[in-house]
Amino acid sequence: METVQFLMDGFAVALTPTNLMFALFGAFIGTLIGALPGLGPANGVAILIPLAFTLGLPPETAMILLTSVYAGAMYGGRISSILLNIPGDEPAMMTCLDGYPMAQKGKAAEALAMSAIASFAGSLVGTIGLILLAPALAKFALTFGPAEYFALFMLAFATLGGITGKNPMKTVVAATLGLMISTVGIDIATGTQRYTFGVLELFEGIDFILAIVGLFAISELLFFIEQRAGAGRKLIKVGKLMLRPKEILQAVPTMFRGGILGFIAGVLPGAGASLGSFISYTLEKQYLGKRSQFGEGDPRGVAAPEAGNNGASSGALVPMLTLGVPGSGTTAVLLAMLISLNITPGPLMFTQNADIVWGVIAALLIGNVILLLLNIPLVGFFVKLLSVPPMYLLPIVTMVAFVGIYSISHSTFDLYFMIAFGIAGFILRKLEIPMVPIILGLLLGPEMEKNLGHALVISDGDWSILWASPLALGLWIVAGLGLILPYIIGPLLRRRMNAAMKEDPVSD
Amino acid sequence: MTARGDRILGLGLFVLAVAYGWAAQQWPEPFGGTETVGPETFPTLLAIVLALSSVYLIVKPDPDAQWPMGRTAAEILLSIAILVAYAFLLEPLGFVIATTLAVGTLCWRMGARLRSAFVIGLIGAVVVFVLFNYGLELSLPGGLLEFE
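Line by line, the protein sequences give chains A and B. Just so we're aligned: 479 in this note's numbering is position 479 of the first sequence, and the numbers increase by one with no gaps anywhere. Just so we're aligned: 607 in this note's numbering is position 99 of the second sequence, and the numbers increase by one with no gaps anywhere.
These aren't lab readings, by the way, just hints derived from the structure by calculation. These numbers were taken from a predicted model, which means no experiment stands behind them. Among the clues, some could well be false.
[Stated by the list, open to error] Here are some, though not all, of the chain B residues that point toward chain A, as calculated from beta-carbon distances under 10 Å: (1) ALA532; (2) LEU601; (3) PHE603; (4) GLY612; (5) LEU614; (6) ALA633.
Note that the Cβ used here is the ideal one computed from N, Cα and C, for glycine as well.
The shape of chain A in the complex, shown without the other chains (with noise of 0.2 Å):
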């Protein structure tokens, strides 16, 4: 098993002092991130990569950090769904329904407890398939030419809006407007300044972070001031923690059956955690049946969304190590880290950049034993977090961002640059047009225009090579019904998860 061999390899640079600092680091400060309101994993890794960057890490380290703090901000981001019934993002809804009742039950304990058991059973159980099914899809990649390639990051764009995406058109608009800015600069193949006005600073383009630091946390900012929410919440008191073995005992299948439906969630283009979270509650219900008390408390409504978005966040790993394409904005944000350090993701890096690769899976194995020890105990520390009052905190963020961005290049221009995304943000995010595909635009754009440019080469500049063979024809369909389905079911599954909300009568 050559497998057992690179994963053992992985071990070898995941567990050296440095590296195992920084994941420590990582989970650490994912987790505080996940647990503040307002501050999701994508912003999370946003905020951090400028970080990554002045300090100069070397790739593998970087991506061990980046991935602890994913991980640790998917750990995270329960903490206030439990505590104060508010889930910090769309996947965390479903364990409302169950954690929340718990807490008021005066079981707040043992609720943390068993969601930080089934993260981490869901992100081990997503990690083995990230192991078993990536190496064998980056195989399966290498048969790409560069129309498969095209039609890929088109099945890209169309699934990114995912499935809770509302208005496709907007994903396609998202889509194009990044792929606009990535052609600003100066034309790889033929030297022609496009779009740059005779600016000297847009000669090389647009740097890709400032655009995410300033859509994702710049806009938050702006987005906070407007609600001006988060005053006056009730924490939940914790007491102490009395979970039993056997209560423990009795959601293990439930974990394992969570993860495994949130790992194919996940790997699924567009789908994510959400779905994930989602399904694995639901299906437990139906598969429990009256043998549960789902929705007024059980332990086992805890275990399974939680194992659910755990497993899918491991999931939607697979297609951006494998395909340099990624399932979800928090891993889109990866991938321009992974990018930036000059590392061309997909299947080649399998075989080019094998330690990277397999370090950041090992680092996630490791992450995630540390998350579970770091959890249990911590928890209170983390709770107590909760009530730092978001006014001082989303100010001293946006600090960390500035200072981030200024430490890359020490131009108060890249300054303004960060602002006007972040202005630019807010507004489309007002108007309902989606980040990601924006981000992803940005990223992909170079790639995809160099793949164009090969296939129309190849075919003497015969458009019909973009969909002539089988596997770009079936990559297109994808594509399609990518788009599609988001008009079909998307509204059903809002409509599920709300129904869900009201249904269970504690909440409010």
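Given chain A, work out where chain B should sit, using these hints.
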């Protein structure tokens, strides 16, 4: 329900698409004559896609979002102004002073009490400055506080 937001956006994007596409046609022919794919091929394609999808937004807009009005809008504009001023003053005033002012004002406008807002701003600024300059050895501008 009105749908003005999407219509204005659609119109703006349409104008952008036309300008972007037009600009692409103006580039000089690359050295060595026209190839099948030139620097303008991909942008032209994008301009067409954006033009079509912006027309769709004009024809079939979504219902409008709630736009901030009056005081809230003023607060948002103010905080954007603070951010721009922060970027502008970062180098001349130095990191610690500029950050204290920016974070302090933002906290205050978000509803914190004036004194605690600026105390938090100062603490945050000093902690980050020390961490970055001495811990991570990344130089942040000292500005007015710089001494040789």
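Each hint tested on the structure:
1. ALA532: For ALA532(B), the interface hint holds, since the closest Cβ of chain A sits about 8 Å away, which is under 10 Å.
2. LEU601: 12 Å, violated
3. PHE603: Holds. Min distance 8 Å.
4. GLY612: GLY612(B) check passes; min Cβ-Cβ to chain A is 8 Å, inside 10 Å.
5. LEU614: 4 Å, holds
6. ALA633: 8 Å, holds
Of the numbered hints stated above, the single one contradicted by the structure is hint 2.
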